[in-house]
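**Q** Top to bottom, those sequences are chains A and B. My numbering numbers the first residue of the first sequence as 1 and each following residue consecutively. My numbering numbers the first residue of the second sequence as 179 and each following residue consecutively.
FYI, nobody ran anything at the bench for these hints, they're computed from the structure. There's no promise every hint is true.
[Stated by the list, open to error] Heads up, incomplete: computed chain A residues facing chain B, CB under 8 Å, no partners named: (1) Pro77; (2) Glu78; (3) Phe143; (4) Leu147; (5) Glu148; (6) Lys150; (7) Phe158; (8) Val159; (9) Thr163.
[Claimed, not checked] Computed list of lysine to aspartate or glutamate pairs in EDC-like fashion (alpha-carbon distance at most 16 Å, straight line): (10) A:Lys165 <-> B:Glu357; (11) A:Lys52 <-> A:Glu122; (12) A:Lys130 <-> A:Glu148; (13) A:Lys141 <-> A:Asp113; (14) A:Lys121 <-> B:Glu357; (15) A:Lys150 <-> B:Glu357; (16) A:Lys130 <-> A:Glu56; (17) A:Lys102 <-> A:Asp119; (18) A:Lys141 <-> B:Asp360; (19) A:Lys117 <-> B:Asp360; (20) A:Lys177 <-> A:Glu127; (21) A:Lys102 <-> A:Glu148; (22) A:Lys150 <-> A:Glu122; (23) A:Lys130 <-> B:Glu357; (24) A:Lys141 <-> B:Glu385; (25) A:Lys177 <-> A:Asp123.
[Unchecked claim] Facing chain A, from chain B, some residues (calculated, C-beta under 8 Å): (26) Ile246; (27) Gly247; (28) Val250; (29) Ala355; (30) Ile356; (31) Val359; (32) Asp360; (33) Gly364; (34) Gly366; (35) Gln375; (36) Thr384.
Virtual Cβ for every residue (Gly too), placed ideally from N, Cα, C.
What follows is each chain in one-letter form.
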Amino acid sequence: MTPKHKKPVALLRLAATGGLLLQTTLAGAELAPVIVDRTPSLPLEKDAVPVKYSIEVVVLHATNSGHGIDKRLGDMPELKKPPFSAYDSYELLAKKRLPLVKGEPQTYQLPNDRILKTDLKEDPKAETFKISASINQPQGKAFLPLLEVKAGLGQLFFVAGQTYKAGILVLVLRVVKD
Amino acid sequence: MSENRRSGITHRSGITRRDDLTRSRSMTRRGVMQYHDAELDPLAAEQLERQLRWDAPRRRYLESLETIGDGVRDAVRQATPTFDLTDQIMARVAAQPSSTRPSSSDASRPGGAPASPTWRRKIKVALGVGLGSTAALAAGALFWLSVGMPSDRPAEISAATRILEPPALDDSARGVAIESVDFGVGGGSIFMVQAGQTSTPVVWLTEPPEVEVGSEPL
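So here's chain A without its partners, still in its complex pose (with noise of 0.2 Å):
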């Protein structure tokens, strides 16, 4: 092969290495994105935060003074229903959320000085929280020494009866989210 024939041949090969870099090239940066994508560091380290639960205790006050039930309560069809519905008037007194820890129980003073204790007994399972509760008098002496529920996330219960002021007491309980 003569020179003459040489040197298109070299371009020709260079022409080609030349678009198969630039090809690689391309290609490298279409494929750079996915990559990017594929790694959801940020993502990753919110979703390891282990979410946090807490019980709400909502403390109503039942009497039956003809007010009717408190608007800031929202949709509470239960108080319309035996045996709620044996008082007329219910009044929102105080709301407040327990961190569920298992084995680090909370307590709040009720208002009637008695102390509601709850504590998260097992590690939440779908959702489902084993809880304790129980209510002291002032002195130490329990009045409901303990109460044992499992309750789904958001699942309303109550504790009421407690003598309070020319009514009672009605505690409103639930699981929620942080």
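Position chain B relative to chain A; hints supplied.
**A** Just chain B now, with coordinates in the frame of chain A:
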């Protein structure tokens, strides 16, 4: 006694009745189990069927065995993936005309000559092995594709795994169960208040008269 039995008088003799009673007593749950598993010989099975007509407890026992068996079979059926190579091969073998299947009578033919020529059987064996290998390779490839290949979608959960998982419940379906309660001195009651489609438990406490706190006379 044996003569009596042979002569047909046995049904009227007391000895036979005693025999029947003994047999009936001996027809224990084991017998019912054997009947359920089709392990009894035809005569014993017939006797047991006669007995089951008037023996309600054993009939119930048999029904319970059938119920348990159905439950186990259902569970196994649900836990087993629908794609079962062995079943398909067996079904294909069963679907073949009986003339093409090798039978035990082949060996007992005069001269021991098989019904079909040897080369045909060899081809069938080769075809069977080939088909089986291909199916096994295909299954292996499918398994590798589903397990080994990276995918943007979350891996599909097999039927067996799905059964073991607790059923997904939304918040409204999950209820509250009171596991234990100690009312202490005052006492109390538990009500279930129906509100909409859910029942809400209510623990209603009764105050002991001497410990009323912060209360005023009604």
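**Q** Each of the hints needs a verdict: does it hold here or not?
**A** Hints and how they fare:
{"no.": "1", "hint": "Pro77", "verdict": "4 Å, holds"}
{"no.": "2", "hint": "Glu78", "verdict": "5 Å, holds"}
{"no.": "3", "hint": "Phe143", "verdict": "6 Å, holds"}
{"no.": "4", "hint": "Leu147", "verdict": "5 Å, holds"}
{"no.": "5", "hint": "Glu148", "verdict": "4 Å, holds"}
{"no.": "6", "hint": "Lys150", "verdict": "5 Å, holds"}
{"no.": "7", "hint": "Phe158", "verdict": "4 Å, holds"}
{"no.": "8", "hint": "Val159", "verdict": "5 Å, holds"}
{"no.": "9", "hint": "Thr163", "verdict": "4 Å, holds"}
{"no.": "10", "hint": "A:Lys165 <-> B:Glu357", "verdict": "31 Å, violated"}
{"no.": "11", "hint": "A:Lys52 <-> A:Glu122", "verdict": "14 Å, holds"}
{"no.": "12", "hint": "A:Lys130 <-> A:Glu148", "verdict": "7 Å, holds"}
{"no.": "13", "hint": "A:Lys141 <-> A:Asp113", "verdict": "12 Å, holds"}
{"no.": "14", "hint": "A:Lys121 <-> B:Glu357", "verdict": "12 Å, holds"}
{"no.": "15", "hint": "A:Lys150 <-> B:Glu357", "verdict": "7 Å, holds"}
{"no.": "16", "hint": "A:Lys130 <-> A:Glu56", "verdict": "15 Å, holds"}
{"no.": "17", "hint": "A:Lys102 <-> A:Asp119", "verdict": "7 Å, holds"}
{"no.": "18", "hint": "A:Lys141 <-> B:Asp360", "verdict": "14 Å, holds"}
{"no.": "19", "hint": "A:Lys117 <-> B:Asp360", "verdict": "14 Å, holds"}
{"no.": "20", "hint": "A:Lys177 <-> A:Glu127", "verdict": "10 Å, holds"}
{"no.": "21", "hint": "A:Lys102 <-> A:Glu148", "verdict": "14 Å, holds"}
{"no.": "22", "hint": "A:Lys150 <-> A:Glu122", "verdict": "10 Å, holds"}
{"no.": "23", "hint": "A:Lys130 <-> B:Glu357", "verdict": "9 Å, holds"}
{"no.": "24", "hint": "A:Lys141 <-> B:Glu385", "verdict": "13 Å, holds"}
{"no.": "25", "hint": "A:Lys177 <-> A:Asp123", "verdict": "15 Å, holds"}
{"no.": "26", "hint": "Ile246", "verdict": "28 Å, violated"}
{"no.": "27", "hint": "Gly247", "verdict": "31 Å, violated"}
{"no.": "28", "hint": "Val250", "verdict": "26 Å, violated"}
{"no.": "29", "hint": "Ala355", "verdict": "5 Å, holds"}
{"no.": "30", "hint": "Ile356", "verdict": "5 Å, holds"}
{"no.": "31", "hint": "Val359", "verdict": "5 Å, holds"}
{"no.": "32", "hint": "Asp360", "verdict": "4 Å, holds"}
{"no.": "33", "hint": "Gly364", "verdict": "7 Å, holds"}
{"no.": "34", "hint": "Gly366", "verdict": "7 Å, holds"}
{"no.": "35", "hint": "Gln375", "verdict": "11 Å, violated"}
{"no.": "36", "hint": "Thr384", "verdict": "6 Å, holds"}
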